[in-house]
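**Student:** Using the sequences and the hints given, assemble the complete structure.
Protein chains in written order, with our numbering: chain U, 1 to 812; chain C, 1 to 812.
Since the hints were derived computationally from the structure, they do not count as laboratory data.
Intra- or inter-copy, both count: the list cannot distinguish identical chains.
Computed cross-link-like contacts, DMTMM-like style, restricted to lysine to aspartate or glutamate with a CA-CA straight-line distance of at most 20 Å: (1) LYS677 with GLU212; (2) LYS392 with GLU564; (3) LYS210 with ASP674; (4) LYS36 with GLU587; (5) LYS358 with GLU787; (6) LYS358 with ASP535.
One letter stands for each residue in the lines below.
2 protein chains.
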Amino acid sequence: MESNMIFVPIAMAVIGLIFMMIKMAWVKKQAPGNDKMQGISKAIKEGALAFLGAEYRLLLIFVVIAAVALGIISMMVDTTHWIIIVAFIVGAFASALAGNIGMRIATEANARTAEAAKTSLPQALKVSFGGGTVMGLGVASLAVLGLSLFFFVFVKMFVDGGSSFYNDMTMALEALAGFSLGAESIALFARVGGGIYTKAADVGADLVGKVEAGIPEDDPRNPATIADNVGDNVGDVAGMGADLFGSYVATVLAAMVLGNYLIKDISLFTNAPFTDSFNNMGPILLPIVIAGVGILASILGTFLVKISNNDAKEPQVQKALDMGNWVAIVITLIASWFLIDMMLPETMNMKFFGEGYKAIPSINVFWSACIGLAVGALISMVTAFYTSLGKKPVLDIVKNSSTGAATNIIAGLAVGMKSTFLSVVLFAAAIYGSYELAGFYGVALAASAMMATTAMQLAIDAFGPIADNAGGVAEMSELEPHVRERTDILDSVGNTTAAVGKGFAIASAALTALALFAAYVTFTGIDGINIFRADVLAMLFVGGMIPVIFSALAMQSVGKAAMEMVQEVRRQFREIPGIMEGTGTPEYAKCVDISTKAALKEMILPGLITIITPIIIGLVFGAEPLGGYMAGVCVSGVMWAIFQNNAGGAWDNAKKSFEAGVEINGEMTYKGSDAHKAAVTGDTVGDPFKDTSGPSMNILIKLTCLVGLVIAPILGGHDIEEGMAMETTTTAKSPDDVYKKVLIDMEVVSDDIAKAVVTTTSVVNGEAVVEEKVISGTKAEVKARVEEIKTGASQVKENVNDLTIEEEVIKE
Amino acid sequence: MESNMIFVPIAMAVIGLIFMMIKMAWVKKQAPGNDKMQGISKAIKEGALAFLGAEYRLLLIFVVIAAVALGIISMMVDTTHWIIIVAFIVGAFASALAGNIGMRIATEANARTAEAAKTSLPQALKVSFGGGTVMGLGVASLAVLGLSLFFFVFVKMFVDGGSSFYNDMTMALEALAGFSLGAESIALFARVGGGIYTKAADVGADLVGKVEAGIPEDDPRNPATIADNVGDNVGDVAGMGADLFGSYVATVLAAMVLGNYLIKDISLFTNAPFTDSFNNMGPILLPIVIAGVGILASILGTFLVKISNNDAKEPQVQKALDMGNWVAIVITLIASWFLIDMMLPETMNMKFFGEGYKAIPSINVFWSACIGLAVGALISMVTAFYTSLGKKPVLDIVKNSSTGAATNIIAGLAVGMKSTFLSVVLFAAAIYGSYELAGFYGVALAASAMMATTAMQLAIDAFGPIADNAGGVAEMSELEPHVRERTDILDSVGNTTAAVGKGFAIASAALTALALFAAYVTFTGIDGINIFRADVLAMLFVGGMIPVIFSALAMQSVGKAAMEMVQEVRRQFREIPGIMEGTGTPEYAKCVDISTKAALKEMILPGLITIITPIIIGLVFGAEPLGGYMAGVCVSGVMWAIFQNNAGGAWDNAKKSFEAGVEINGEMTYKGSDAHKAAVTGDTVGDPFKDTSGPSMNILIKLTCLVGLVIAPILGGHDIEEGMAMETTTTAKSPDDVYKKVLIDMEVVSDDIAKAVVTTTSVVNGEAVVEEKVISGTKAEVKARVEEIKTGASQVKENVNDLTIEEEVIKE
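**Tutor:** Set out below in structure tokens:
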């Protein structure tokens, strides 16, 4: 009963890539504008390419070191195959490629959008959204293609169709985790590096150009203006591309791992191997097939994003984007309903921690997916409320600007903090609801549903920076004002969609992290994560600290680089004659250089902290404390992500409110007022919040869990055969009659399943207490539990004087 | 073998109170200064008393409602006696009294300190430190007296010396938890209310007076100046007094609860009742006896705080305080060594979660206490490093001030965030170390050791605001400059000691919260807190959000009230003729009124959120999710406390750096420069951080755990006798042959201890799996576990169609 279901996502990914290439060719065919525009566009492109080149060269060192480390792991642990190195390298490469595709098309599309905006707004939308589509489809298709091809190969390599399906599949998925790890590590560096680059340039350009010299944004007289536009591309485009590539892969991977675990549950419950008409791996294939369908749905959705009226304003553009987005989502949901019905058993016996088995109808998985989407949409609405122009939170900040920068900052911080309330309550409801419906598999599918239309989401997200850049090109090439007005409409819509996208991103990242967390627990075979153990609790605190220190490092890097930039721009204004009159040419390259160097230097430490800390904790303290650490990173990371993103967004729009004029205490207040200056200060503080440290939190929490997942085999020990069938006693005896004897009779029931009978006799003051316990489950689980019991027994040793420990192997 | 050990702490508390009264009489005997000074001092005192009066009237409503709620709990739950209401009310009253004593002496001592400073710095130190001593001894003695008297009464009431010692003592300690709950709730309101009051006045006074009008601090022309000085007393003095009173009680209580648990462990291990020569309750009495000794040691320490040189500078004053402090600590430690040796069994068999019993020598408890002190001191050093003048973090902020307020803010936020790293690592080490040494009892004793010299710590903390106020009185009474110079020396030292005190406060609060958390787990009888359960995990996130939203509300309140204050001060400057020339009198009362109203109105919501949320979560989701919530509050609360306190402290000192002048990029920069203005903005943002929301975090996390502890009996169910000795089967059966049968044979072994044999037969497709499990422990534990198993068994029902559930009681 050989099924070809795995070829469905492969085919969809290929379709996505083909469509991407057609779209790319179309964009490149558009008129690129006059020489000046082409020149600027080229300068931006070259700056961005130069930065990415330098970044990738540096990351190559990291990839080599990490590959060696993975090689060592694969030698140490039987269940980790060396092929994980290949997966890791390809993942890292694919992530870089995804960012690169996006960056290239964005720098092609910017001048073309400006050129199109000369004559037509609909055409400008078409070009900029076309650029976004290329990026969205490139990222999503590469992710699905990579995952499904590797999965296909690994299943062929490891899963022989024998009775040890669960363990074989675990090996395959562990290798696949390497792909995800590669993608996510590069994403972290790209996000942090790009974020530092773009904000150093932006803050530097604004503080001197706008505030001190009083020249407008994107003015060619500003030496940091090219760096600023390059930053938009390496941060908002390439960084985001790598980010979403990593997210997408991690989400699907987590769902696949939990699908495998579900198969084990079902087969343990029925005491028989799991079978279905999808090579007995329907629950594992489902997430990736849904992802494939999401690509197709996104392509269909992109056709709906168009406007016809040349005098359209923001609402019409917004409506066009919403239409495309929701159609893509609805198509994916409908398809998911059929796929879930087809690919999952009608009723599944899932094991709920501490509650035993429950029979779950497969439709529950669909409802979990719906919860994911609903909560994602609601969190986006919360985000929009706290960050939108004209809403109470932003108006509060505006009002507080009238009493100076200090009250503006206090108000902005308070808005960011307050926005955590509803977001976290909704998020907790999503965990609770999707888990109640379908366990951690439900949680993973809820995250997958949010991520399924990544191609569309990213198209919408990426068109904003393209329009922003088009505006910059228009400004720098001194095109007519109506061009800038048109690109500004697109840019403004882009800002809103970016905020909404962030709501989805953080919700899906957090759910993915939980799914990875669950996958980690199943991989290590531990008995849950109990925070009533001091080591677990201590690591929960350490984990909670990591997002804070990470944010601190990112912010500090921006602060340092921005200060350098400010001084350089001030110097150029001072030393280059005729610069303000437009007769002297600023030294753009020096500013690009400052941003580049700062970004490369400063991205290393936060990146390494993220990757190395969980490894150290896992190796030193073991699997359960590492679980506590992961939970701490997730809880704190979600809080700091919401806080920073929303505070930053709110400050930004509070500042923007002054552009149209805003009423404070009955007086209309405009740009250039003291209140506006206070709002500019708030926005500058918010910049690294919302574009550097805030968005990095998503990757931080997922990467932490992924690292845990990859090193799980070292901690939990899947070493399947060694010492499984034996009977041992461990006796700890002291002269004053305190002793404990543990007799363990362990046997292998089938290829997958083992059983152990543990008899513990504690003799205290001559009285014996006997406890007998039967443990059954997968070999790894039983093994881990038995090891724990043996360790517990021999630990009496350290505390009673002159204790003798005997371990006797009765039979092997 | 009747022991009178309980009278030791009672006696020490009485000695403390007597010494306090002597000291108070001495302070009042000092020359009160000229009429103007007395008038100002009186205005401050009356303003403060008026605020406290209004606050207490409002809190009376809360106390009545909470008392009714406790009454309902005591009717619902057998093990909660109505006497808890009395304990709660007395606790609330004592906390208010502690704050009141402090406030009264502080407002007496301020003018007297200024008067003394006319002639002699040593005498000014003596008076101001005398005032601090009164407050410190008042708070500590009241706490120890209240705790030990109630404990004495409750032991008489509940503990009859029979074999059910553990349960009886649990009832006594639960009633005692009411005392702590009363104290800590009032502390929360006092801290938040006082914090809002003082910062609204401070920010308002600074923004208009210092920045806009350019008049110095404490200038009598500033309408907000009296409100500002009142604020120092209600916030920094009364608020802090209530805070430390609550902390102290909670810490000792948590250690006593864990002492009781330790006794149970020992008696379960030996299968015999625990006996010692302290009425069989040595481990419970130990923490309170150490607290009593701490009072005596503090009294001795206060004698060493003196200087002889009239030309002494900060270092000499600092040295005198350090000397007194360390002598008190060392005396307490030495006494603890003897007390631990005397009052604890030489070797104790402690149960470590998941690891079984370990034999712990009593000296380990001493080492835990040492770890507590060492880590407390180290965290204080970290705090000092991140917030002190002349150290790198503050210099970084100073440097970033040169490029404007935005970079100053970014740098300050980064410093606050970065300071979490070492603090949390140290704190995690303290948890890990003290737990490894002596379990959660060790953790509780580590916290107790930090808090033991509260009297001395508070004397040092409280003398700062007194000196600060003395400076204000000197300024407003237009005394000669050398008076202000002398009080400034004291004030400056006070700022340093305050920062160090905060390090201790947060470390001890966090350890106390953990001890309370452990006490909660033992009270509910649950099996640990497993975050691999979705409901627990969801509540971990919700808990993590609470400190953030709490801080947001506090900051927003300060922002709102400060804005009102700014407008009022601006109005007075505009409308009152001759105010700037000193011929018109400002309307001080209007500013006092604004602060009072804002504080009273705004303290309610955060207070209620803190108290009500855990109750709702406990009742709706149960004991384990509430545990997850508590952990979330602790982890996030510690992070936000450190972040806010240190960022605020660093901003403050960055601003102060400009007073003496500071070198930025090779140029000396002073007060009045643009960089200084940027630093003032940072300081204003930091004000609510370090004086409103930051210090409230300590209380928030402890109060959350206390609320959990008080409602624990409803959740875990101590109903000791009902249905303990019986044998039941629960069978869940479906037509398609999936069924599960659980046979439970439960019996009572002794008054305290029960045992249950659980045999689970799961039949699936005709094949049966049999598991047998023996559970033994206290009745509550066994009962809770059995209920869990029964629930798990009957839950098959919801998931298999047409399932029949039978519950059969075989014998009862």
